[in-house]
Amino acid sequence: MRPTTNRRPAESLRPAEVETILESLARGEGALVVGEPGSGRTRMIAEAVDAADAALRPRLWVGDTIERLDGDAAERLAEAVGRGRLVPLMTATQGARLAPPVHELLRSGRVTRVEPTPFSPAQTLRIVEGELGCTLGAGVAADFVPQRPGGDLTLLLSALDIGLRQGSIRRDGGVVVEGPRGYDLDELRPLLEERHRIPVDDDDPAAVAAHLIGLVPDLDLLAAEALLADVTGQADRAFERLEDSGVVDVLDSPPSGFRLRLHDPVVELLLPHTMGRLRRRRLSAGLLDSLTARPADQLGEGEVVALVRESVALGRPLPADAATRAAILTLHAGQAELAVHLAEIAVEAGGGLSSQLTLSAARARFSEAHAESTSNWSLPRHQATLARDLVASMTINRLRIGNPAETTVAASTESTGWMVESDRLAQEASRAVLVGDPELARTRLAEAEAALAPSGADRFRVRWGRAQLDLFDGVSESLLAELRGLRDEARSRGIGSHQAMASMLLGFALQFAGRSAEALGPLREAELLASSLGMDGIVHRARTDLAAALAATGDSHAAWEILRPVLDVADGELFVHGQALASKGRVLAAEGRQSEAAAAAVSAAAAHESQGLALFTLFALVDAARLGLAGSVCARVERLTRDVADLTRTSLARHVRALAALERLGARPGEHEGPGGEYGDDRRSLASEFSAIGALEAAVGFPLLSAESFAHAGVLHESCGQDREAAAARRSSERQAQQCGVIAPASATSPRASGLSEREREIASLAVEGLSNREIGERLVISVRTVETHLLRAYRKLGVRERSELAAALS
0 MRPTTNRRPA ESLRPAEVET ILESLARGEG ALVVGEPGSG RTRMIAEAVD
50 AADAALRPRL WVGDTIERLD GDAAERLAEA VGRGRLVPLM TATQGARLAP
100 PVHELLRSGR VTRVEPTPFS PAQTLRIVEG ELGCTLGAGV AADFVPQRPG
150 GDLTLLLSAL DIGLRQGSIR RDGGVVVEGP RGYDLDELRP LLEERHRIPV
200 DDDDPAAVAA HLIGLVPDLD LLAAEALLAD VTGQADRAFE RLEDSGVVDV
250 LDSPPSGFRL RLHDPVVELL LPHTMGRLRR RRLSAGLLDS LTARPADQLG
300 EGEVVALVRE SVALGRPLPA DAATRAAILT LHAGQAELAV HLAEIAVEAG
350 GGLSSQLTLS AARARFSEAH AESTSNWSLP RHQATLARDL VASMTINRLR
400 IGNPAETTVA ASTESTGWMV ESDRLAQEAS RAVLVGDPEL ARTRLAEAEA
450 ALAPSGADRF RVRWGRAQLD LFDGVSESLL AELRGLRDEA RSRGIGSHQA
500 MASMLLGFAL QFAGRSAEAL GPLREAELLA SSLGMDGIVH RARTDLAAAL
550 AATGDSHAAW EILRPVLDVA DGELFVHGQA LASKGRVLAA EGRQSEAAAA
600 AVSAAAAHES QGLALFTLFA LVDAARLGLA GSVCARVERL TRDVADLTRT
650 SLARHVRALA ALERLGARPG EHEGPGGEYG DDRRSLASEF SAIGALEAAV
700 GFPLLSAESF AHAGVLHESC GQDREAAAAR RSSERQAQQC GVIAPASATS
750 PRASGLSERE REIASLAVEG LSNREIGERL VISVRTVETH LLRAYRKLGV
800 RERSELAAAL S
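Heads up, the sequence shown is in the numbering used here, so the first residue is 0 and it goes up one at a time.
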């Protein structure tokens with residue numbers, strides 16, 4: 000078994016890799032972290048040093064970019080390691096040549112090779128925002144965060160620093176947004192040469208070749224060579240030189256042969272911004288001449304993107320077939336609004352049937368995204384002139400597809416057909432979730448994913464639908480992590496509609512679990528972003544949940560300001576009408592208007608039921624039960640959950656049944672009887688049931704409901720004279736309430752639940768300090784018997800059985 004280390008890094012970016020290093024150190028062996036420049040190698044070493052056993056640290060030897068060691072230094076290092084004097088922690092650049100002594104250390108097992116997994120775009124975004132201490136706006140994230148995994152983070156942070164200093168980006172509160180001037184990253188050129196061997200001499204054909212590939216990721220090799228010869232008058236093995244130095248990757252691309260892209264995705268993203276304007280214009284013009292001479296169906300995806308982008312930049316007309324192809328590609332990437340604009344350009348340019356079919360598919364997907372869960376599916380007719388203006392207003396890197404090597408596109412009519420079908424299936428799945436048919440939802444999501452599989456297109460709607468479905472099986476931390484990942488991926492790609500949908504569902508999940516304070520941020524993000532995009536359905540859903548979260552955290556005034564406009568317009572709107580009424584009930588309850596709140600919850604249930612939304616009918620009825628109408632709604636809850644076996648609905652049904660039993664006993668909180676009461680046995684049995692329900696709700700991920708259940712259990716135990724059980728239930732209630740960021744529910748209080756008497760607390764505190772009963776009696780001038788009596792009472796009230804448990808109970 001590996002010896003334990005002092006501690007693990009609190010927020011390790013690569014916990015698995017750091018653990019591998021720590022295991023190697025625990026065996027007395029070193030580690031060599033091999034990765035690309037800016038991949039976080041040095042940070043991994045720093046985390047390992049920080050977490051290493053204190054006894055080992057004096058022998059640690061840390062070396063960065065170990066390939067720079069000459070032969071003599073490498074020999075001395077190997078000798079010291081062999082004799083056990085040093086344990087090395089080293090980094091090396093991927094592909095670099097290591098000195099023979101270092102190779103021998105690896106071969107002999109004295110050093111373990113560790114290769115970090117490249118960061119995903121969403122991880123890159125989180126890292127960058129952590130370094131900056133603020134959030135990147137959607138536009139800035141799209142311009143600076145690459146869509147391929149990995150990339151030089153040092154270079155990326157340097158580019159952001161330059162942009163902030165120049166004013167091309169600026170801080171607006173806690174968000175970095177675009178500034179009034181364009182990007183000019185000429186200052187990056189020395190770093191590009193030093194870290195990535197990008198030639199900086201503008202007359203060097205290799206430098207021109209690198210810039211061409213930066214402008215056109217996925218550039219065909221033959222086209223690249225011809226273009227380079229046109230621009231420079233010579234090819235001079237420029238692309239071979241770039242391949243030999245690791246600057247360029249050569250990708251197989253049957254049947255045409257090979258395509259080229261820059262090895263580092265951050266370099267690929269930023270390199271075009273390091274060119275002067277006139278040089279950029281000259282290369283763009285030559286590039287367009289070359290690309291427009293070839294049929295659009297023979298262009299790679301990066302070439303299509305470049306053709307659209309550079310045509311707009313130079314004010315040239317966009318060929319219809321290229322605009323159609325670009326529209327299909329942007330649909331694959333989930334950028335529905337941009338696809339609509341491109342398809343309209345293609346139709347106006349005479350693209351024929353294929354462009355018209357693509358436009359229909361793009362409008363359908365755009366409408367679906369902007370009217371999620373509403374009954375309004377119309378989309379205003381965009382004019383082609385408006386489309387051109389909108390495309391022209393997009394910054395240079397906003398039009399991106401992602402990883403060209405992972406996607407294939409069929410003919411336009413085939414591409415749009417499966418796209419419409421996959422969207423229809425995903426929408427059916429969402430509807431199935433709302434009506435409470437999880438099996439149908441799973442089937443439709445599987446069918447939608449199967450429709451997407453051959454194309455490699457964006458799977459956001461399927462992943463979002465699965466998260467929505469999983470939510471009703473319980474709000475787990477893994478589900479919340481998936482939703483945060485969906486949101487961050489959308490932000491890194493600059494797809495605002497996806498970001499709004501993911502943020503809305505994340506906020507709903509947190510609010511659904513009772514974690515209202517945590518829900519505020521995502522819900523505000525969804526509401527603001529959806530408002531800016533005209534996504535009324537998402538706006539209304541976010542506002543209803545935001546109002547409930549604001550009320551739960553004590554801001555009823557702000558809750559009404561958010562909710563009233565939704566109540567005015569939501570009548571009849573699928574799902575939103577019922578949710579708005581449910582939120583109204585929660586705001587009223589927060590203000591202490593119990594009967595009005597209960598009536599609103601019943602109205603919410605009726606609204607959901609009229610639209611066939613069984614699951615949300617159940618949720619509204621549970622709210623009504625919690626507000627004192629359990630007996631009235633219990634039969635309806637039983638009907639809704641009779642044939643359902645999932646834990647969520649099982650726990651909710653048990654909760655309502657227990658509340659109805661509590662109402663029959665006349666034992667609402669504060670109305671309990673003593674241990675000799677008429678219903679003593681029933682109370683004890685019901686107290687045990689509430690405790691069991693509280694434990695189930697905690698496991699499912701509903702801490703607020705769990706806190707309420709344990710609170711009821713505490714009151715009932717206390718009414719039966721079971722002080723120890725009552726105290727234990729109260730502590731459980733408080734623990735669950737703390738997860739929600741609220742105090743324990745009001746139902747947790749009772750005449751005897753206020754805690755220990757002053758003398759009991761004083762004696763218990765002295766016992767915690769380690770004093771014996773005799774020593775306590777001597778200090779307080781009371782008998783040992785009196786000390787024992789007070790301690791026994793304190794034990795019962797606190798729910799503990801021995802002295803060693805007192806400290807935790809008192810705290």
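Any given hint could turn out to be false.
Label pairs and their calculated CB-CB ranges [claimed, not checked]:
#1 G553 to P57: 50 to 60 Å
#2 S764 to S594: 58 to 68 Å
#3 D160 to T116: 36 to 46 Å
#4 G166 to E193: 48 to 58 Å
#5 E224 to G70: 34 to 44 Å
#6 R26 to L250: 45 to 55 Å
#7 R170 to R483: 20 to 30 Å
Worth flagging that the hints you see were computed from the coordinates, not collected in a lab. Built from N, CA and C at the ideal position, the CB exists for glycine as well.
Do the hints match the structure? See the list:
A C-beta distance of roughly 53 Å is found between G553 and P57, which places it inside the suggested range of 50 to 60 Å. In this structure the hint that S764 and S594 lie 58 to 68 Å apart at CB is violated, the actual value being about 44 Å. Checked against the given bound of 36 to 46 Å, the beta carbons of D160 and T116, roughly 26 Å apart, lie outside it. Between G166 and E193, the C-beta spacing of about 26 Å breaks the proposed range 48 to 58 Å.
About 40 Å separates the C-beta atoms of E224 and G70, a value consistent with the hinted range of 34 to 44 Å. For R26 paired with L250, a C-beta distance near 40 Å fails the hint of 45 to 55 Å. The beta-carbon spacing between R170 and R483, approximately 23 Å, falls within the hinted interval of 20 to 30 Å.
Hints 2, 3, 4 and 6, counting from the list given before, are not met by this structure.
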